[in-house]
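Undergrad: Heads up: the protein sequence lines correspond to chains A and B, in order. Numbering of the first sequence is given in the UniProt record's numbering, commencing with residue 1 and proceeding in unit increments. Numbering of the second sequence is given in the UniProt record's numbering, commencing with residue 1 and proceeding in unit increments.
Derived from the structure by calculation, the hints contain no laboratory data. Virtual Cβ for every residue (Gly too), placed ideally from N, Cα, C. Take these hints with a grain of salt, some might be off.
[Said to hold, decoys possible] Beta-carbon label-pair distances, calculated as ranges:
1. B:L153 <-> A:L250: 31 to 37 Å
2. B:S291 <-> A:N42: 49 to 55 Å
3. A:M69 <-> B:E65: 42 to 48 Å
4. A:P37 <-> B:L64: 32 to 38 Å
5. A:L258 <-> B:S291: 37 to 43 Å
6. A:V48 <-> B:I34: 54 to 60 Å
[To be verified] Some chain A residues close to chain B (C-beta under 8 Å, calculated; not the full set):
7. L29
8. I245
9. I249
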Amino acid sequence: MHRYTWRTGVLEAVMILVGAIFMFPLYILVTLAFKAPGDQTNKLLPTVDPTFDNFTQAWQSGALGGALMNSALVTIVSVTAIVLFSAAAAYPLSRVGAHWSKFTYFGFLAGLLLPAQLALLPLYQTMRDLGLLGSLWSVIIVSVGSSMPFSVFLYCGFLRALPPDYEEAASLDGASAFRAFWSIVFPLVRPITGTVIILNAVAIWNEFLTPLLYLSNSSHKTITVAINGFVGQYGAQWNLIFAGILISILPILLAYFLLQKYIVQGFASGLKG
Amino acid sequence: MAARTLTPGPSRRRRRNRVSSVWWFVLPAAAFYIFAVIVPSVRGASFAFTDWNGISPTKNWVGLEQFQTIFSDPYGSVAIRNTLLIAVAVTIIQNVIGLLIALGVNSRIKSRGILRVLIFAPVVVTSIAVGFLWKNLFAPDGGINEILRAVGLDGLAQNWLGDADIAIWAIIVVVIWQFSGYSMVIFLAGLQGVPEEVLEAAALDGAGPVRRFWSVVRPMLAPAITINLMLSIIGGFKLFDQVFAMTKGGPGGATNTISTLIYQNAFQLGKFGYGAALAVLLTILVAIAASIQYRLLSKQEG
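Build the full structure now, drawing on both the sequences and the hints.
TA: In structure tokens, the structure reads:
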């Protein structure tokens, strides 16, 4: 069973073919993005005469640089708040066996069942009434709030499995509960913090509908909203559009290939609860 | 350590008290959650029983009228049928493909590491960008038709997104392409829990690969299967971005999902009440799927 037999060779060939099929759309994306608009060569073949013009034009006319900055800002601020708030909430919720903490925990869990579509319409009005339409804060607030159920759930699951011995020792040494959390518990839950960061960062970076509603008529667009407007504006100029799409997914693809081990782990371990 | 074991009672009580003293740690999380999820969800559900247009200061209570509209509105029934079709088709096909790929890359092939990385990559790619990319691939002069023509199957080349019957399957293909890697990763995690010795013992006893999979591997994959089914069903129910990018629900509403119909009614047609009723229906579907999964999981553990 441990040798590389001819059967393994056949399997290898089949799997490489499967991998090639999965990569085909991304291959077309890259090829067309580098093709000049007038290039009439077969689009299945690699570009013989690659050009960067599509990228410079997409970057300028789509205002993609600013949009990438906005997406980065929204993602970083939201994920920071999510980690701090959900870890802090999970500490008493997982350690205190009182009625209020059980009730609150299940209150958070209920949010796992509520699709975002249900809150979409009233939230839109609230943001309008608060004058937050067009502001990145609207997207940040919604991202933080709607990420709470899953993040609190992940932290609580991890904390329940974590013995309280270290905090008890710290308590005996006179540390306050706040101090015990910040200096002992928070560093100990680092593995699940990694999962919370990865899952939320990917989801918030890719979020489309919420920013579309709040930001599409403003000058502060996230990259998903900017690319939607860009595609709408340049209709059939596919080389240009593909350059824009490639720019928009490049940050997340780069992050994935650099951190793929952690990202795949984060996706797989976040679901075991 | 010694002091603690000698006096377990007081120290335990004191720890409890100390953690209780930080109950206010829950407040920031609860505040954002209540503001962005609970309050708007409750309000959204209440709009479903009104005829509000989202702007006018008055709204009338209409009872269950909006829910009846869903079933009499031709767009409504098509959207429900599409949503269920997407959820079922994606769930079955994506998980079969994900499982086969997981078995393939869990073998001794040399390219297993790089294949795992590549096949999972579409999972992290922005769905709206994925939708636009595939919109072009499915276009009359797009990549799919180019391939068909290149291998001599010109007769199959067509306007994939322009045909009402085919377009919904084109969307299903895209979702499967994007998320098969997700199923693969979950199945791989399950496969790593299958002990090599048991498989070797079964092989020595004369069990072929199919028998080994069915009798040894499959039972151990049960939790991975449940999680995968759940993720793809709920993901299928909520599908929006890819449809929005590829067809906007067209041609003629043929590819609408409940989510795209909510968007159109609430934000383009000013039918807030109707959009809210659709959102309530979606919530009920998700809740049914989640409760089935909860039962299946507790059966496995019990």
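Undergrad: Against this structure, judge whether each hint is valid.
TA: Evaluated hints:
Judged by the Cβ atoms, the range 31 to 37 Å given for L153 (chain B) and L250 (chain A) holds: they are separated by roughly 34 Å. Between S291 (chain B) and N42 (chain A) the beta carbon distance is about 52 Å. The supplied range of 49 to 55 Å therefore holds. At about 46 Å, the beta-carbon gap between M69 (chain A) and E65 (chain B) stays in the expected band of 42 to 48 Å. The hinted window of 32 to 38 Å between P37 (chain A) and L64 (chain B) is violated, with their beta carbons roughly 54 Å apart.
One distance hint, 37 to 43 Å for the beta-carbon pair L258 (chain A) and S291 (chain B), holds here, with the actual separation near 40 Å. Taking the beta carbon of each, V48 (chain A) and I34 (chain B) are about 59 Å apart, inside 54 to 60 Å as hinted. The criterion of a C-beta within 8 Å of any C-beta in chain B is met by L29 (chain A), whose closest approach is roughly 5 Å, and the hint holds. A distance limit of 8 Å between C-beta atoms decides the matter here; for I245 (chain A) the minimum to chain B is near 5 Å, and the interface restraint holds.
The closest approach between the C-beta of I249 (chain A) and any C-beta of chain B is roughly 5 Å, which is under the 8 Å cut-off, so the hint is satisfied.
In summary, the one numbered hint that this structure violates is 4.
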